[in-house]
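Q: Sequence:
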Amino acid sequence: MGCPDAILAHLAGLQDVKEISFDIRKRVFTAVVNDDYDKEKLQKEIDIVSIKEGRTFTLESYEEIF
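With the first letter of the sequence shown counted as 1, position 14 gets the number 14 in the UniProt record's numbering; the numbers rise by one all the way through.
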């Protein structure tokens, strides 16, 4: 599975994630999540995908929009 597909599939299955999309041109994920979802929690989930896929994915930037 490709990077965006693996990450999308994993995050879409989480209870805290209400909506998620990926802009392939910008290589940016956008998500609507519960209030208690933060950068550390997202990085932990990306680490899980890295282990499952046998690749290393990193969180380059994180921005909260209220």
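Derived by calculation from the structure, the hints in this document are not laboratory data.
There could be a bad hint or two in this list.
Claimed, not checked - 30 Å max Cα-Cα, derived BS3-like pairs, lysine-lysine: (1) K26 / K52; (2) K44 / K26; (3) K39 / K52; (4) K18 / K39; (5) K26 / K39; (6) K26 / K41; (7) K41 / K52; (8) K18 / K52; (9) K18 / K44; (10) K41 / K18.
Claimed, not checked - If you anchor each label on the Cβ, the simulated ranges turn out as follows: (11) D35 / T56: 28 to 34 Å; (12) D35 / R55: 15 to 21 Å; (13) G54 / V32: 27 to 33 Å; (14) N34 / R55: 17 to 23 Å; (15) D5 / F66: 26 to 32 Å; (16) P4 / E63: 25 to 31 Å; (17) C3 / F66: 14 to 20 Å; (18) I51 / R25: 26 to 32 Å.
Quick reminder that beta carbons are idealized off the backbone N, C-alpha and C, glycines included.
Q: Now tell me if each hint is right for this structure.
A: How the hints compare with the structure:
no.	hint	verdict
1	K26 / K52	holds, 25 Å
2	K44 / K26	holds, 23 Å
3	K39 / K52	holds, 20 Å
4	K18 / K39	holds, 16 Å
5	K26 / K39	holds, 20 Å
6	K26 / K41	holds, 23 Å
7	K41 / K52	holds, 17 Å
8	K18 / K52	holds, 23 Å
9	K18 / K44	holds, 18 Å
10	K41 / K18	holds, 15 Å
11	D35 / T56: 28 to 34 Å	holds, 29 Å
12	D35 / R55: 15 to 21 Å	violated, 30 Å
13	G54 / V32: 27 to 33 Å	holds, 29 Å
14	N34 / R55: 17 to 23 Å	violated, 27 Å
15	D5 / F66: 26 to 32 Å	holds, 29 Å
16	P4 / E63: 25 to 31 Å	violated, 18 Å
17	C3 / F66: 14 to 20 Å	violated, 28 Å
18	I51 / R25: 26 to 32 Å	holds, 28 Å
Violation of the numbered hints given earlier is confined to hints 12, 14, 16, 17; the remaining hints are satisfied by the structure.
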